[in-house]
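Asks: Chain X is fixed; fit chain A onto it per the hints.
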Amino acid sequence: GNSVTQMEGPVTLSEEAFLTINCTYTATGYPSLFWYVQYPGEGLQLLLKATKADDKGSNKGFEATYRKETTSFHLEKGSVQVSDSAVYFCALSDRASGGSYIPTFGRGTSLIVHP
Amino acid sequence: NAGVTQTPKFQVLKTGQSMTLQCAQDMNHEYMSWYRQDPGMGLRLIHYSVGAGITDQGEVPNGYNVSRSTTEDFPLRLLSAAPSQTSVYFCASSYSSGHEDTQYFGPGTRLTVL
Chain X
-7 GNSVTQMEGP
3 VTLSEEAFLT
13 INCTYTATGY
23 PSLFWYVQYP
33 GEGLQLLLKA
43 TKADDKGSNK
53 GFEATYRKET
63 TSFHLEKGSV
73 QVSDSAVYFC
83 ALSDRASGGS
93 YIPTFGRGTS
103 LIVHP
Chain A
46 NAGVTQTPKF
56 QVLKTGQSMT
66 LQCAQDMNHE
76 YMSWYRQDPG
86 MGLRLIHYSV
96 GAGITDQGEV
106 PNGYNVSRST
116 TEDFPLRLLS
126 AAPSQTSVYF
136 CASSYSSGHE
146 DTQYFGPGTR
156 LTVL
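Chains X and A are the protein sequences, given in the same order. My numbering puts the last residue of the first sequence at 107; the count rises by one with no breaks. My numbering puts the last residue of the second sequence at 159; the count rises by one with no breaks.
If we strip away everything but chain X, and leave its shape as in the complex, we get (with noise of 0.2 angstroms):
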């Protein structure tokens, strides 16, 4: 079955260091990779995805790169802020057995990011 494993956290950092959060997953197919965020007392929401191998996803500052060839989709920002503080979660859509793309998520990632 399709899984998605992430780094455990909490990633804890500096304002202004380099984030990286890692993330590999497995599928039988060919699936479609996101990166959603979930801020304190919300629901997730999409921060970026990618759509094939070698595409490379980005908002906010954040990137990051479908590897098919080492089926991983690691998140990446240069210098993170107080307000990237949130829990980073994985995620891959591919083909059920009836047809349909469903969703598989990692456990998340908590980044904590001190002034």
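No wet-lab data here; the hints were simulated from the structure. Glycine is no exception: its CB is placed at the ideal position from the N, C-alpha and C atoms. Do not take every clue at face value.
For each label pair, taking beta carbons as the anchor points, the in silico distance ranges come out as [as the list claims (entries may be wrong)]:
| hint | chain 1 | residue 1 | chain 2 | residue 2 | range |
| --- | --- | --- | --- | --- | --- |
| 1 | X | Glu8 | A | Pro152 | 26 to 34 angstroms |
| 2 | X | Pro107 | A | Ser112 | 43 to 51 angstroms |
| 3 | X | Gln73 | A | Thr52 | 31 to 39 angstroms |
| 4 | X | Gly70 | A | Ser125 | 36 to 44 angstroms |
| 5 | A | Gly98 | X | Thr62 | 38 to 46 angstroms |
| 6 | A | Gln62 | X | Lys44 | 41 to 49 angstroms |
| 7 | A | Pro152 | X | Thr62 | 33 to 41 angstroms |
| 8 | A | Pro120 | X | Ser71 | 40 to 48 angstroms |
Calculated Cβ distances over 10 angstroms to all of chain A for the following chain X residues [unchecked claim]:
| hint | residue |
| --- | --- |
| 9 | Leu5 |
| 10 | Lys48 |
| 11 | Ser71 |
| 12 | Val105 |
Replies: Quick look at chain A alone, frame taken from chain X:
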């Protein structure tokens, strides 16, 4: 657009009580789903629907029922609440159940079962 709305925001139940968590979306999305979020477990899919009148089970469906009589609404029913159902519940929707579709999440319902 209000997006995806969920009610109530908080609920406390006693073991054995039943209740319905409401979810509605105004984006004319075909696909809707329910997740529960527990510490260290991430998001687990409970039930989903690819259109009005069509529902299917996800990873953790036991103890929950759903129906989809309209495109807009997708209520989740707890038949006989148990402490193991204490969790935060999220409803999500997307335009379709396609390869590239983004999920839009509601703000969540925090449920405590005593």
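Asks: All hints, please: hold or fail.
Replies: Against the structure, the hints come out as follows:
1. X:Glu8 - A:Pro152: 26 to 34 angstroms: Holds, since glutamate 8 of chain X and proline 152 of chain A (Cβ atoms, about 31 angstroms apart) stay within the stated range.
2. X:Pro107 - A:Ser112: 43 to 51 angstroms: holds, 49 angstroms
3. X:Gln73 - A:Thr52: 31 to 39 angstroms: holds, 33 angstroms
4. X:Gly70 - A:Ser125: 36 to 44 angstroms: violated, 51 angstroms
5. A:Gly98 - X:Thr62: 38 to 46 angstroms: Between glycine 98 of chain A and threonine 62 of chain X, where Cβ atoms are some 42 angstroms apart, the hint holds.
6. A:Gln62 - X:Lys44: 41 to 49 angstroms: holds, 48 angstroms
7. A:Pro152 - X:Thr62: 33 to 41 angstroms: holds, 35 angstroms
8. A:Pro120 - X:Ser71: 40 to 48 angstroms: Given about 44 angstroms between the Cβ atoms, the range holds.
9. Leu5: It holds; leucine 5 of chain X is separated from chain A by about 21 angstroms at its closest Cβ, greater than 10 angstroms.
10. Lys48: At about 15 angstroms from chain A, lysine 48 of chain X clears the 10 angstroms cut-off, so the statement holds.
11. Ser71: holds, 26 angstroms
12. Val105: holds, 21 angstroms
Of the numbered hints stated above, the single one contradicted by the structure is hint 4.
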